[in-house]
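K.L.:
Each chain, written out:
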Amino acid sequence: MANRFAVIIVVVVLGLLLSLQNKASFALRKALDPQSQEQLSLVVALSFEDNRKLQDQLKQTQEEIGKLKTSATSSRSQRETLQERLNEAELILGEVPVEGEGVEVVFEKGLTTQQAIDLTNALRSIGAEAIGINGKRILWKTGIDEGLLRNSATLQVIGQKSLLAESLKRRGGILEQIGQPNRLSEQDQLKLPSI
Amino acid sequence: MARLVILITGMVLGGLIMVQKRVPAARVVNPVTPFQSLVDLRTQLASEQQKIKSEIALAVNERNQLNEQIKSAKVDNKLKNEVDSLNQELGLKPLTSEGVVIALDDSRKGLPSPDKIVQASDIRDVVNVGWLAGGRAVSVNGLRLTSVSSIDGVANTVMVNIQRATNPFVIKVVGDSEKIKRELENHPTLEPLRRRAATQGLLFHIEQSKSVEAESYQGSLKVKVIRRSNGQ
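In the order they appear, the protein sequences are chains L and P.
Under the numbering used here, the first residue of the first sequence is numbered 566, with each subsequent residue one higher.
Under the numbering used here, the first residue of the second sequence is numbered -19, with each subsequent residue one higher.
Keep in mind the hints are simulated off the structure, nothing from the lab.
Idealized CB from N, CA, C, for every residue including glycine.
Among these hints, one or two may not hold up.
[Unchecked claim] Some chain L residues near chain P, calculated using beta-carbon distances under 10 Å: (1) 606; (2) 613; (3) 650; (4) 671; (5) 675; (6) 686.
[What the hints assert, rightly or not] Straight-line Cα separation of at most 30 Å, DSS-like style, residue types lysine-lysine; simulated pairs: (7) L:756 to P:202; (8) L:632 to P:89; (9) L:624 to P:60; (10) L:618 to P:33; (11) L:618 to P:159; (12) P:60 to L:734; (13) L:701 to L:634; (14) L:624 to P:73; (15) L:701 to P:89; (16) L:701 to P:159; (17) P:159 to L:634; (18) L:588 to P:204; (19) L:632 to P:58; (20) P:202 to L:624; (21) L:632 to P:96; (22) L:701 to P:96; (23) P:204 to L:726; (24) L:634 to P:31; (25) P:161 to L:634; (26) P:202 to L:726; (27) P:31 to L:624; (28) P:33 to L:726; (29) L:624 to P:51; (30) L:632 to P:161; (31) P:89 to L:634; (32) L:634 to P:51; (33) P:33 to L:701; (34) L:618 to P:202; (35) L:632 to P:159; (36) L:618 to P:190; (37) L:756 to P:204; (38) P:73 to L:632; (39) L:588 to P:159.
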C-alpha cells in the first residue's frame, strides 16, 4: 500500500511538473513567435502609428519643397532659405540656447544608465525637440554615462506638451516601464542652454 | 485507506485539469476570422508603408536637387559651406571617415532564448557607447541616426527611424576607430552583451576601418516648437 501511495505521489508530481513545463514553453514560444495574435495586434497598432508619422514626414518634406521652389527664383530668397537652414541646424545641434513649451519629469531616486538610454530614446520617438537633464542640454549624439542621473534627475523636454505628457503617462509607456516614482508636469515655457 | 487514496488522486487530477485549462490554447479557436483579418491588415499597412516610403524618397530627392540648385546660385560661399558642414553633423548629408563597423546577430546555437536574440536595447547600448567614445555619426543598417531617431523593439522586430531593421545588424560609427573599439571592448554597459556573445553564441564583432560611410538621413528634420532663447 505504501509503495502504491509513493507511486501515486511521484506520478502526481511528474504530472504537475509536465504541466508547468508545458506552460513555460508555451509562454516562451508565444514570446518568440511573431505570428502570435497578441503580438500581431501590437504590430498592427504600431504600424498605424508609424504610418501616421511617415505621413507627417512626407508632408513636412513637401512643404520644404514648396518653400524651396519659391526661393529658387531669387537670390535674396535663396540667401534667406540658407539662413533659415543655418538657424534650424543651430537649434537642433544645441549651438544656441533654446526655449519652448514642454514637460518636466522629476525622478527623486535617479535612474540607471540603461533607464536613461531607454528614456531619451523614447522621448525622441514621441516628438521631443530638445532634451535637458538637470539643466544640461543633451543631444541624440550625447553619450549617456553612469552618474549623469545617479542621485536625482530632472528632465526638461521641449516639444508639444500635451502630446509628450500623454505619451509618457500612458499605460505601458516608458515611465511605467522604468517603474521609478516620478513627478511629471506640463510647462508653458522651458529653457535649455547651448551645449 | 483505499478511499482516501482515490480521493487524493481525484483531487490532484482535478487540480491538474484546472492547471491545463488555465494554459492558453496554442491555436486560436476560429483560425479564419480574427487572426486572418489581423494578418490581412498587417499586410495592407505594410504595403501602405512601402508606398509612403517611396513617396518620401522621391520627395527627398527633389528637395536635395532644389537645395543643390540654390547652393549653386550666387549666394555667399561662407554661408553655403557653413550649411553644408552643419548638414553633415545633422545627418542630412553622408559622412565618410575612419571608424568602426559593428556586426550584431542572433545566436545559431541550440534552442532560442531571449539571451540569444539581439534586442533593440542591445543596439541602443552599442550606439550609446559609440557616442561616448566620440563618434561623429552613426548608422544602423544604413539608417542614419539623427535628432528624431529612435531604436525600438516592436514585438520581435527592431525598428530604426520608423523602419524595420533585420539582423544581422550593421552599426557604423564614424570617429576615432582606436578609441571607439577600445570602449566597445571594455565599457561596463556592454558587459552583458559581451558575456552573451561569449557564452550564448551571439555575434558581436567589431571591425576597424579607415573609411566608413554613415549614410544620409532620408527624411525631414523640421522643428515646430523650439526657438532660439535670448534670456538664458
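K.L.:
Hints first: check each against the structure and report whether it holds.
P.N.:
Results for each hint:
Because the closest C-beta pair between residue 606 (chain L) and chain P is about 6 Å apart, less than 10 Å, the hint holds. Here the hint on residue 613 (chain L) is kept, as its CB sits about 7 Å from the closest CB of chain P, short of 10 Å. For residue 650 (chain L), the interface hint holds, since its Cβ comes within 10 Å of a Cβ in chain P; the closest pair sits about 5 Å apart. Given hint, residue 671 (chain L) at the interface with chain P, is violated; its Cβ is 21 Å from that chain's nearest Cβ, farther than 10 Å.
With 10 Å as the threshold, the beta carbon of residue 675 (chain L) stays out of range of chain P, its nearest partner Cβ sitting at about 16 Å, so the hint is violated. For residue 686 (chain L), the shortest C-beta to C-beta distance to chain P is roughly 5 Å, which falls under 10 Å, so the interface hint holds. In summary, the hint linking residue 756 (chain L) to residue 202 (chain P) is supported, as the alpha carbons are separated by about 19 Å, within the 30 Å threshold. Proposed proximity of residue 632 (chain L) and residue 89 (chain P) is contradicted: the alpha carbons are some 54 Å apart, above 30 Å.
This hinted pair checks out: residue 624 (chain L) and residue 60 (chain P) have alpha carbons roughly 26 Å apart, not beyond 30 Å. This hinted pair checks out: residue 618 (chain L) and residue 33 (chain P) have alpha carbons roughly 11 Å apart, not beyond 30 Å. This hinted pair does not check out: residue 618 (chain L) and residue 159 (chain P) have alpha carbons roughly 36 Å apart, beyond 30 Å. A distance of roughly 43 Å separates the Cα atoms of residue 60 (chain P) and residue 734 (chain L); the hinted pair therefore is violated under the 30 Å criterion.
Note on residue 701 (chain L) and residue 634 (chain L): the hinted pairing is violated, with a Cα-Cα distance of about 38 Å set against a maximum of 30 Å. This hinted pair checks out: residue 624 (chain L) and residue 73 (chain P) have alpha carbons roughly 21 Å apart, not beyond 30 Å. With a CA separation close to 44 Å, the supplied pair residue 701 (chain L) and residue 89 (chain P) exceeds the 30 Å bound. Only pairs whose Cα atoms come within 30 Å are accepted, and residue 701 (chain L) paired with residue 159 (chain P) is accepted, the gap being roughly 25 Å.
Restraint check for residue 159 (chain P) and residue 634 (chain L): the C-alpha separation of about 44 Å exceeds 30 Å, so the hint is violated. Distance restraint check for residue 588 (chain L) and residue 204 (chain P): the Cα-Cα separation of roughly 49 Å exceeds the 30 Å cut-off, and the hinted pair is therefore not satisfied. Distance check on the hinted pair: residue 632 (chain L) and residue 58 (chain P) sit about 22 Å apart at the alpha-carbon level, within 30 Å; holds. With a CA separation close to 11 Å, the supplied pair residue 202 (chain P) and residue 624 (chain L) stays within the 30 Å bound.
Distance check on the hinted pair: residue 632 (chain L) and residue 96 (chain P) sit about 49 Å apart at the alpha-carbon level, beyond 30 Å; violated. At most 30 Å may separate the alpha-carbon atoms for a hinted pair to count; residue 701 (chain L) and residue 96 (chain P) exceed this at roughly 37 Å. With a C-alpha separation of about 12 Å, the suggested pairing of residue 204 (chain P) with residue 726 (chain L) holds against the 30 Å cut-off. For the proposed pair residue 634 (chain L) and residue 31 (chain P), the alpha carbon gap of about 24 Å is at most 30 Å, so the pair holds.
Under the criterion of a C-alpha separation no larger than 30 Å, the hint pairing residue 161 (chain P) with residue 634 (chain L) is inconsistent with the structure, at around 45 Å. Annotation: proposed proximity of residue 202 (chain P) to residue 726 (chain L) holds, straight-line Cα distance about 17 Å (limit 30 Å). Of the pairs offered as hints, the one joining residue 31 (chain P) and residue 624 (chain L) holds, with about 14 Å between alpha carbons and a cut-off of 30 Å not exceeded. Taken as a hint, the residue 33 (chain P) and residue 726 (chain L) pair is honoured in the structure, with Cα atoms around 28 Å apart against an allowance of 30 Å.
Distance restraint check for residue 624 (chain L) and residue 51 (chain P): the Cα-Cα separation of roughly 23 Å lies within the 30 Å cut-off, and the hinted pair is therefore satisfied. Restraint check: the Cα-Cα separation between residue 632 (chain L) and residue 161 (chain P) comes to about 43 Å, which exceeds 30 Å; the hinted pair is violated. For the proposed pair residue 89 (chain P) and residue 634 (chain L), the alpha carbon gap of about 56 Å is over 30 Å, so the pair is violated. Restraint check: the Cα-Cα separation between residue 634 (chain L) and residue 51 (chain P) comes to about 13 Å, which is no more than 30 Å; the hinted pair holds.
The suggested pairing of residue 33 (chain P) with residue 701 (chain L) is violated, with an alpha-carbon distance near 35 Å, which exceeds 30 Å. Our distance criterion of 30 Å between C-alpha atoms is met by residue 618 (chain L) and residue 202 (chain P), whose separation comes to about 13 Å. Note on residue 632 (chain L) and residue 159 (chain P): the hinted pairing is violated, with a Cα-Cα distance of about 42 Å set against a maximum of 30 Å. A threshold of 30 Å between alpha carbons decides the hint, and for residue 618 (chain L) with residue 190 (chain P) the separation of about 36 Å lies outside it, so the pair is violated.
Only pairs whose Cα atoms come within 30 Å are accepted, and residue 756 (chain L) paired with residue 204 (chain P) is accepted, the gap being roughly 15 Å. Using a Cα cut-off of 30 Å, the hinted pair residue 73 (chain P) and residue 632 (chain L) holds, with the two alpha carbons roughly 20 Å apart. This hinted pair does not check out: residue 588 (chain L) and residue 159 (chain P) have alpha carbons roughly 47 Å apart, beyond 30 Å.
When held up to the earlier numbered hints, the structure conflicts with 4, 5, 8, 11, 12, 13, 15, 17, 18, 21, 22, 25, 30, 31, 33, 35, 36 and 39 and fits the remainder.
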